[in-house]
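Chemist: Here are the chains, one letter per residue:
Number of protein chains: 2
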Amino acid sequence: MDDAGLIEIAREVPAKRLKTPSTVSPQLQRSISGLAAAAAAGGGLPQGWAPQSVAEWKTVIAQMDAQALAMAPALAALYPHTCELGQIAGVTVREITPATLDPAKSGRRLVHFHGGGYALNGGEASTGEAVLGAHHSGMKVISVDYRMPPDHPFPAAVDDAVAVWRALTAERSASAMGVFGTSAGGGLTLALALKLKDLGETLPGALATGTPWTDLTGASDSYQVNAAVDGVFSNFDGFAAGMAALYAGEAGVTHPLVSPIFGDFAGFPPTIFTTGTRDILLSDTVRAYRAMRAAGVTAQLEVHEAMSHAEYIYAFDSPESAVAFGDIARFFDEHLSN
Amino acid sequence: MDDAGLIEIAREVPAKRLKTPSTVSPQLQRSISGLAAAAAAGGGLPQGWAPQSVAEWKTVIAQMDAQALAMAPALAALYPHTCELGQIAGVTVREITPATLDPAKSGRRLVHFHGGGYALNGGEASTGEAVLGAHHSGMKVISVDYRMPPDHPFPAAVDDAVAVWRALTAERSASAMGVFGTSAGGGLTLALALKLKDLGETLPGALATGTPWTDLTGASDSYQVNAAVDGVFSNFDGFAAGMAALYAGEAGVTHPLVSPIFGDFAGFPPTIFTTGTRDILLSDTVRAYRAMRAAGVTAQLEVHEAMSHAEYIYAFDSPESAVAFGDIARFFDEHLSN
Chain A
1454 MDDAGLIEIA
1464 REVPAKRLKT
1474 PSTVSPQLQR
1484 SISGLAAAAA
1494 AGGGLPQGWA
1504 PQSVAEWKTV
1514 IAQMDAQALA
1524 MAPALAALYP
1534 HTCELGQIAG
1544 VTVREITPAT
1554 LDPAKSGRRL
1564 VHFHGGGYAL
1574 NGGEASTGEA
1584 VLGAHHSGMK
1594 VISVDYRMPP
1604 DHPFPAAVDD
1614 AVAVWRALTA
1624 ERSASAMGVF
1634 GTSAGGGLTL
1644 ALALKLKDLG
1654 ETLPGALATG
1664 TPWTDLTGAS
1674 DSYQVNAAVD
1684 GVFSNFDGFA
1694 AGMAALYAGE
1704 AGVTHPLVSP
1714 IFGDFAGFPP
1724 TIFTTGTRDI
1734 LLSDTVRAYR
1744 AMRAAGVTAQ
1754 LEVHEAMSHA
1764 EYIYAFDSPE
1774 SAVAFGDIAR
1784 FFDEHLSN
Chain B
1454 MDDAGLIEIA
1464 REVPAKRLKT
1474 PSTVSPQLQR
1484 SISGLAAAAA
1494 AGGGLPQGWA
1504 PQSVAEWKTV
1514 IAQMDAQALA
1524 MAPALAALYP
1534 HTCELGQIAG
1544 VTVREITPAT
1554 LDPAKSGRRL
1564 VHFHGGGYAL
1574 NGGEASTGEA
1584 VLGAHHSGMK
1594 VISVDYRMPP
1604 DHPFPAAVDD
1614 AVAVWRALTA
1624 ERSASAMGVF
1634 GTSAGGGLTL
1644 ALALKLKDLG
1654 ETLPGALATG
1664 TPWTDLTGAS
1674 DSYQVNAAVD
1684 GVFSNFDGFA
1694 AGMAALYAGE
1704 AGVTHPLVSP
1714 IFGDFAGFPP
1724 TIFTTGTRDI
1734 LLSDTVRAYR
1744 AMRAAGVTAQ
1754 LEVHEAMSHA
1764 EYIYAFDSPE
1774 SAVAFGDIAR
1784 FFDEHLSN
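Chains as they are written, first to last, in this note's numbering: chain A, 1454 to 1791; chain B, 1454 to 1791.
These aren't lab readings, by the way, just hints derived from the structure by calculation. Everything numeric in this text was worked out from a predicted model, so none of it was measured. Treat the hints with caution; some may be incorrect.
Because identical chains cannot be distinguished in the list, a pair is counted as satisfied if it fits within a single copy or across any two copies.
Stated by the list, open to error - 25 Å max Cα-Cα, derived SDA-like pairs, lysine to any residue:
| # | residue 1 | residue 2 |
| --- | --- | --- |
| 1 | K1593 | E1624 |
| 2 | K1650 | D1690 |
| 3 | K1469 | W1502 |
| 4 | K1648 | A1542 |
| 5 | K1472 | F1715 |
| 6 | K1472 | A1508 |
| 7 | K1650 | G1497 |
| 8 | K1558 | G1749 |
Whole structure, please, built from the sequences with the hints as guidance.
Modeler: Below, the structure is given as structure tokens:
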């Protein structure tokens, strides 16, 4: 049998009922059970469905952003901070200052790109993860509210990221700045570094990419293995594939600045990856980590028991979330200059 | 709702057909497809079944060991080596010498414990992984053919491991020796270090634990998530749970030397973990890695796309296998003394 034939052999996996495991903290158990209960109640978008018009996209995006924003008060209560709205190089940014700044790191900055499939979590909904990063690192975080489709497909987000980065490096050493983000924000973190390499610009001192969306073609194995297993991002087909196409536009989903797995990571700064065993982007994460290691980059992989996609953000009261952001903060401590 | 109630909420995952992914090498694709084809043909033990008598155990063990041994000629053709049978402290060992020894590492040794659920892969079937470790490290490997049930349940395996280790440290510095193993062999690697700590003996210079069986109670989340997904070790219930009970005997599966996840990893030597995204012991691996990090141990986690349990041993012609053992060899290079 030839190789092409072998690829078509499928493995049959029977239906299963996944109990919430006893092997995680009570807080993460509550998150996992809450997601399972929501799925059982038929919550969320219909499976396989994607908006069919710009108007439909905008309606759904507004609804989902409002849901994301609903967690802001509880987050702010646990992690007090100030948020200052501004512009850098014409791009909207929010500077998050945690209640406790570490004076030893006052010369450093973190730059944050929010997740949401390059369509969701714009505006006020963009800073949840930035608040957690600021709290756990004791550093100021500049969260970039990059332009998104349907009005602004690729390369608007990358252009905004580069513009902000260039402005920041005019006043501070690149090696004293780290860049981080989750999901699409993790992908954009990698795309920024790939683009800066192309431009011959100085790269950040370190990167932290959480469950990064690195392969928008949907080829990664965990898209099938963890379909319906992941409680946050449960299926690629439908809405997520729609966001991929909406974002990529004419460039297509195989463009290396859209799907960084097709890029060349040689020369990248030290990078930490975070994911979970239920994460539908477990493979997107692992493949990018392996590609970096193969390119000789200093890379660190952190995987959390029973965690779904980006759940370390949503279960922000869990010890697992503190461990995830603590690892990221320590990684920046080790690799950023003053 | 109280926490106990939340644990009972289940997540429904529909039946699925997993295609062999395009995101791995052709060699690993062939392995994945071969395992899927064997499952489709109804190969392997009946699901949920376990032997009910010592005689049944011995029959099945002999059959499975013969299957494992069948890969030896192909392995030897790719990785030429010599195998010298001997005894150390009354324990049967096989010293594997690869065709090419690295003279810079001549003062070092690796100690190997085979996998197989503490029941399988005894005797001539025990050295497959040792051959790969020897080849990729350029070091001599002492593979320990520890006693196993049904005749010799716990603590015979740990006692044998300790006896061999003590004899080896009488003639060579512990810091110049690394210990490695996969599955039960990874668990025994951790159990040995836990026992040496208890005894106040010097610990190995470094450990490499591949998809280690750290929780024989079956609580890890990937036992359910990757059930029937993993092509090598497809289900915990039945045969594997039977091996766990057979091995643990009167000590029970929660004994920390049976299930090292219940042990205290403080003071452990640097440890590298290897697993795959389809691995049914992904969670056993990740939980032990996290526990080590929490205890302040230098630990490194390597995860491979679409790999099932221990598949880096069985797909020994794949580039992924070479990367896995290359990472382990480099880890020993970095952490062992001369």
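Chemist: For K1472 vs A1508, is the C-alpha pair at or below 25 Å within one copy, between two copies, both, or neither?
Modeler: Result: close neither inside a copy nor across copies, 39 Å intra and 36 Å inter.
Chemist: Given identical chains, is K1472 near F1715, meaning Cα to Cα at most 25 Å, within a copy, between copies, both, or neither?
Modeler: This pair counts as between: shortest inter-copy Cα distance 22 Å, intra-copy 36 Å.
Chemist: Regarding K1650 and G1497, is the shortest C-alpha distance of 25 Å or less found within a copy, between copies, in both, or in neither?
Modeler: Answer is neither: 39 Å inside a copy and 51 Å across each miss the 25 Å cutoff.
Chemist: Classify it for me, K1650 with D1690: is the Cα-Cα distance of at most 25 Å met within a copy, between copies, both or neither?
Modeler: So K1650 and D1690 fail the 25 Å test inside a copy (32 Å) and across (50 Å) alike.
Chemist: Under a CA distance limit of 25 Å, which applies to K1558 and G1749: within one copy, between copies, both, or neither?
Modeler: Between copies, since 23 Å is at most 25 Å while 28 Å is not.
Chemist: Is it within, between, both, or neither for K1593 and E1624, if the alpha carbons may be no more than 25 Å apart?
Modeler: within (15 Å within a copy, 55 Å between copies)
Chemist: State whether the alpha carbon distance between K1648 and A1542 is at most 25 Å within one copy, between copies, both, or neither.
Modeler: Answer is within; shortest intra-copy Cα gap is 17 Å, inter-copy 60 Å.
Chemist: When Cα atoms must be at most 25 Å apart, do K1469 and W1502 count as within-copy, between-copy, both, or neither?
Modeler: both (23 Å within a copy, 19 Å between copies)
Of the hints listed earlier, those the structure fails to meet are numbers 2, 6, 7, in rising order.
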